[in-house]
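Residue numbers (our numbering), protein chains in the order written: chain P, 1 to 273; chain A, 1 to 330.
Because the hints were derived from the structure by calculation, they are not lab data. Please note: incorrect hints may appear among the correct ones.
To be verified - Which chain A residues face chain P? A few, computed with CB under 7 Å, are given here:
id	residue
1	224
2	226
3	227
4	230
5	232
6	233
7	234
8	236
9	243
10	245
11	248
12	324
For every residue, glycine included, the Cβ atom is placed at its ideal position computed from N, Cα and C.
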Amino acid sequence: MTLLTVRDLTVDFAGGVRAVDGLDLDLAAGAVLGVVGESGSGKSVTSLAVMGLLPDARVTGEVRFDGRRLTGLDGRSLRRLRGDRIAMIFQDPLSCLNPYYPVGFQIAEAYRAHRRAGRREGHRVAVRMLDRVGIPEPERRARAYPHEFSGGMRQRVMIAMALCLEPDLLIADEPTTALDVTVQAQILELLRELREMSGTAVMLITHDMGVVAGLADEVVVMYGGRAVERGPVREVFYRPRDTYTKGLLACVPRVDGPLPDRLPTLSAREVTA
Amino acid sequence: MILYVLRRLAATAAILLVVCAATFAIFYLMPADPAQGACGKACSPERIAEIRTTLGLNHSVFVQFRDYLVGIVAGRGFGTGAHAVNCPAPCLGFSFQTDQPVWRMLTDRLPVSVSIAVGAAALWLIVGVTAGVVSALRRGSLWDRAAMTAALGGVSLPVYFTALVLQYLLVVKLGLLPYPQAVPLTADPVGWAGSMVMPWITLAMLYAGIYARITRGEMLDSLGQNYVRTARAKGLSEPAVLRRHALRPALMPIVTIFGMDLGALLGGALITESVFGLPGVGKLAADAINSADQPVILGVTLFAASFVVLANVAVDLVYALLDPRVRAVG
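Next up, chain P with everything else stripped away, as it sits in the complex (with noise of 0.2 Å):
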């Protein structure tokens, strides 16, 4: 059953910047879905645009969640299904994160928000979403402000808020990009097994290829806001047929092969030709 329809997507800036033109995804309830691009190809504005968090933008298309048309809804109506059946987690947890308050105040936050429950529920909540993610001696960490986290940890906090509504979708932007390599690794592996002891379908954006390829199901790679191939992971890495992909996983350095003198590059002519 598909879960998310995007169809012709477009989303334009002041200025007369098209950040997204016309895309169009599928995702079904459970699967993982990767969206890769380079900076700038348009992967987060479109996570934005389906949140609807996006009021400086022209935004024309169709999201459709769930079979509700979610472009166009009412402001009020959206902010139901934000954190409650779609959550989102972002690419720098320090920022993300409001420093003024405990991050146990801040995941259960969400969980009040849409439950009408008290502090002390929202506080369980909190501790019992904190040991799910791996934080040790969650009761205590619960009353920590955000930096007193590692960048991991407050990774983990992330995915504790966004999770603690059991959401349909979890959309995660770059959610590994701005940690270590080992704690990316930690962080996958934790989406994963959250991802199939929950059963919720992950939209996940990211420029790195290596975490398409542990994760994902199917892959949209974007360029200059369109997709410009899509498919089974498997057939996308192994198969590419657009040049841009051919390209990008030229791009992708191996450990295990002869180290290129320089990367390949690609000029946009080669790419939009």
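Keeping the supplied structure of chain P fixed, place chain A upon it in accordance with the hints.
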């Protein structure tokens, strides 16, 4: 946290000592002879020599400073025998003009300055922050532009001008208010408020403009923060997003400048008090400067400086309460 408070208080004592030394050095090393000032115009050399002995001006400056400090902490006496005058702690000396103890003059005038400062502060805080928040939320709107223009006007108009225009309009033309007088709040609350309204508005116009501009800037900054986006992504209601995640961080710099401004004003609003003829600490300072009343000038300077220094400590402590990151460092 307790350690942090103690450390801050110790630092404050040190700063106050430095402030004391600096003001003392400036006023007592000035070319004007305090003995001459104390004596008045027609004065015999013998009388001046006598006063020099009484005030201890024949001692070295260090001894004089030590006596001054001792006077503040423990009180001191001037002169000997039949002419001896006792000055209980905290002793800041006697006025050359009125022979009153400076400390009592200051404490007598303080309620007026506090009334002016606290009332004005409440007014400008409410008006300035509200205007700034609304401007930030409706950036570019007619309201925003009008409010920011008004704020610029408020900042630009000199206090003595605003004060005189207000007095002309409200007292002379419309007769809505009496000429301001120092009425104690406890004796006549209505009369007190009536006298204070104009000084409040005068000062609030100046500060509200500054606060509105700062609040607007800070609010726009915090609205662009990633954690505000997170709050929206969580599905929080817009009021909760704005209040908890945008306004709270935006108010942190306001806390700082508010503490400093209030502290400075508690030490006397010199121009405002002078224009309205209200006998506060600021008016005392102006009068003392006009009559070269050195002990009073010195006393007022120390008094006002202490308020600023203490306000700084208060700001630091409040900051530590509000910002968990400061607490961690402290």
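Going down the list of hints, with the structure as the test:
1. At its closest, the beta carbon of residue 224 of chain A sits 11 Å from a beta carbon of chain P; the interface hint therefore is violated under the 7 Å criterion.
2. This hint holds: residue 226 of chain A has a C-beta 4 Å from the nearest C-beta of chain P, less than the 7 Å allowed.
3. The criterion of a C-beta within 7 Å of any C-beta in chain P is met by residue 227 of chain A, whose closest approach is roughly 4 Å, and the hint holds.
4. Satisfaction of the interface hint for residue 230 of chain A is found here, the shortest Cβ-Cβ separation to chain P being roughly 5 Å, below the 7 Å cut-off.
5. Annotation: interface hint on residue 232 of chain A holds; nearest CB of chain P at approximately 6 Å, less than 7 Å.
6. About 5 Å separates the beta-carbon of residue 233 of chain A from the nearest beta-carbon of chain P, less than 7 Å, and the hint is met.
7. The interface hint given for residue 234 of chain A holds, since its Cβ lies 4 Å from the closest Cβ of chain P, which is under the 7 Å cut-off.
8. Look at residue 236 of chain A: its Cβ gets to within about 5 Å of chain P, closer than 7 Å, so that hint holds up.
9. Taken as an interface hint, residue 243 of chain A does not check out: its beta carbon lies about 12 Å from the nearest beta carbon of chain P, beyond 7 Å.
10. A cut of 7 Å between beta carbons decides the hint on residue 245 of chain A: the least distance to chain P is about 5 Å, and the hint holds.
11. Hint status for residue 248 of chain A relative to chain P: holds, with the closest Cβ pair at about 6 Å, below 7 Å.
12. About 4 Å separates the beta-carbon of residue 324 of chain A from the nearest beta-carbon of chain P, less than 7 Å, and the hint is met.
Of the numbered hints given earlier, the model fails hints 1, 9; all others are met.
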